[in-house]
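From first to last, the protein sequence lines are chains G and U.
Anchor point for the first sequence: position 30 equals 30 in this note's numbering, and the numbering is continuous, going up by one each time.
Anchor point for the second sequence: position 110 equals 110 in this note's numbering, and the numbering is continuous, going up by one each time.
If a hint is listed, it holds; no wrong ones were tucked in.
Pairwise CB distance ranges, derived in the manner of DEER restraints:
#1 G/Ala4 - U/Ala202: 34 to 42 Å
#2 U/Ala69 - G/Arg125: 32 to 40 Å
#3 G/Ser152 - U/Pro60: 30 to 38 Å
#4 U/Ala73 - G/Gln127: 36 to 44 Å
Listing some non-contacts, in silico: residues in chain G with all C-beta distances to chain U over 10 Å:
#5 Ala4
#6 Phe5
#7 Ala6
#8 His7
#9 Leu8
#10 Ser9
#11 Glu11
#12 Ala12
#13 Glu94
#14 Pro134
#15 Asp135
#16 Glu156
#17 Leu158
#18 Gly159
#19 Gln160
#20 Pro161
According to the in silico footprint, chain G covers these stretches of chain U (three or more CB under 8 Å from chain G):
#21 10-19
#22 37-47
These aren't lab readings, by the way, just hints derived from the structure by calculation.
Please read these numbers as outputs of a predicted model, since none were measured by experiment.
Cβ coordinates follow ideal geometry from the N, Cα and C atoms, glycine included.
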Amino acid sequence: MARAFAHLSDEAVVALVSRSDESALAELYDRFGRVAYGLALRVLRDSALAEDAVQEAFLTAWRSADRFMPERGKASTWILTLVHRRAVDLVRREEVRRTEPIDAAVEPAGDAADDVAWLRLERERVQEALKLLPDQQRETLELAYYGGYTQSELAERLGQPLGTIKSRMFAGLSRLRELLAEPHPEGSAWRPRHSTT
Amino acid sequence: MAPEALHDLTPAYALDALDEAEERAYEAHLAGCTQCREELASLREAAGLLAYAVDAPAPPEALRGRILAQARAERPNVIPLRPRFVRATQVAAAVAACAAIGFAGWSVQLQREVDRVRSAQQDALGVIAEPGTRQISLNGDHGALYVSPTGSAALVIARLNPAPSGKTYEAWVVENGKPRPAGTFDAAQSPSVVSLQEPVPAGAIVAVTQERGDGGRVPRGPRVLLAQT
Chain G
1 MARAFAHLSD
11 EAVVALVSRS
21 DESALAELYD
31 RFGRVAYGLA
41 LRVLRDSALA
51 EDAVQEAFLT
61 AWRSADRFMP
71 ERGKASTWIL
81 TLVHRRAVDL
91 VRREEVRRTE
101 PIDAAVEPAG
111 DAADDVAWLR
121 LERERVQEAL
131 KLLPDQQRET
141 LELAYYGGYT
151 QSELAERLGQ
161 PLGTIKSRMF
171 AGLSRLRELL
181 AEPHPEGSAW
191 RPRHSTT
Chain U
1 MAPEALHDLT
11 PAYALDALDE
21 AEERAYEAHL
31 AGCTQCREEL
41 ASLREAAGLL
51 AYAVDAPAPP
61 EALRGRILAQ
71 ARAERPNVIP
81 LRPRFVRATQ
91 VAAAVAACAA
101 IGFAGWSVQL
111 QREVDRVRSA
121 QQDALGVIAE
131 PGTRQISLNG
141 DHGALYVSPT
151 GSAALVIARL
161 NPAPSGKTYE
171 AWVVENGKPR
181 PAGTFDAAQS
191 PSVVSLQEPV
201 PAGAIVAVTQ
211 ERGDGGRVPR
221 GPRVLLAQT
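Bound-form chain G, shown alone (with noise of 0.2 Å):
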């Protein structure tokens, strides 16, 4: 099928699926079906619960995205917030959470090649920005973050005073926000795309 709305921003095509299009839901997909199965996967540790909390994000996407709001934030940072919230409910519900390193999956050769290579990019650029952060801030944002433990859990987990693991969340993230600072400011506008028409 041809890319129709390849032009389109993301956030147009959050527009579009705010009006019941089908095929724009469909296109959100295809840009962070992907990102939003790896996030989940690194969270549950399980793919068919994955799968699920992929699912009902984009379902929830499709319910509520009249209320996304451009000028409150990018239409990425939107699904996939929808995503790692479902991801950290469910992991709390089932109890799975872990904080080993998942294996690396082995990425199937073939029609996506260009997104593979971007999302490569992408995920090595964070790790690198991650890996400049301190050792205590990260451990922090990836046990919140992958982990799916709540500020408190954290606190106890580390046996530090719930102050300071504030501090780090904040540290960290506004850490991460310098070094990964787009320099695009139009941002999401486009990124290349593979095109499997």
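Based on the hints, put chain U in the right spot on chain G.
Only chain U this time, still in chain G's reference frame:
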């Protein structure tokens, strides 16, 4: 919790690292705190970048089709709207969260509540949470009418006695002097949230009367509530 303490929750909220009670408190605070909203937007974007640091194997191919099929099945307006009541205890938090409309359009807590009380409730909450929705007070401090830019409307009604046995409340949209029935409810819960079945054009009046039986096509009973748009 003191405002400063709530302010301090912004990074954890951005990482989804609050428990439910903290999350509710924070979202209530967020509705009225511009500074927190701005900081949250910025920290959340940073948190979202963490998603890209993990390996991203291709999702199973069938997942895409399942999502699209489910979305199709849920397409709005396929489900006929019927007047329905809202279990106010379940949605009170959601109503509180979105009473201060204009705050981040996708409150996590609101989304949770909405997921919990789907269907009719969702229609009403969708109207209330929609950007650009106007709030019009009901007479007698009984709550408010919410009208979205497209005319979808919902009533949030407080301090109204439950309908006596054998009677019901009926909402009406009155345009050019002609009332159209817009749904019945019993006000068994307070507040009651009622999704109106009829659109509310600019200048219309929304009224609630008490009717016998299950209500009717024209208002006959006493008028109890009124809002002029």
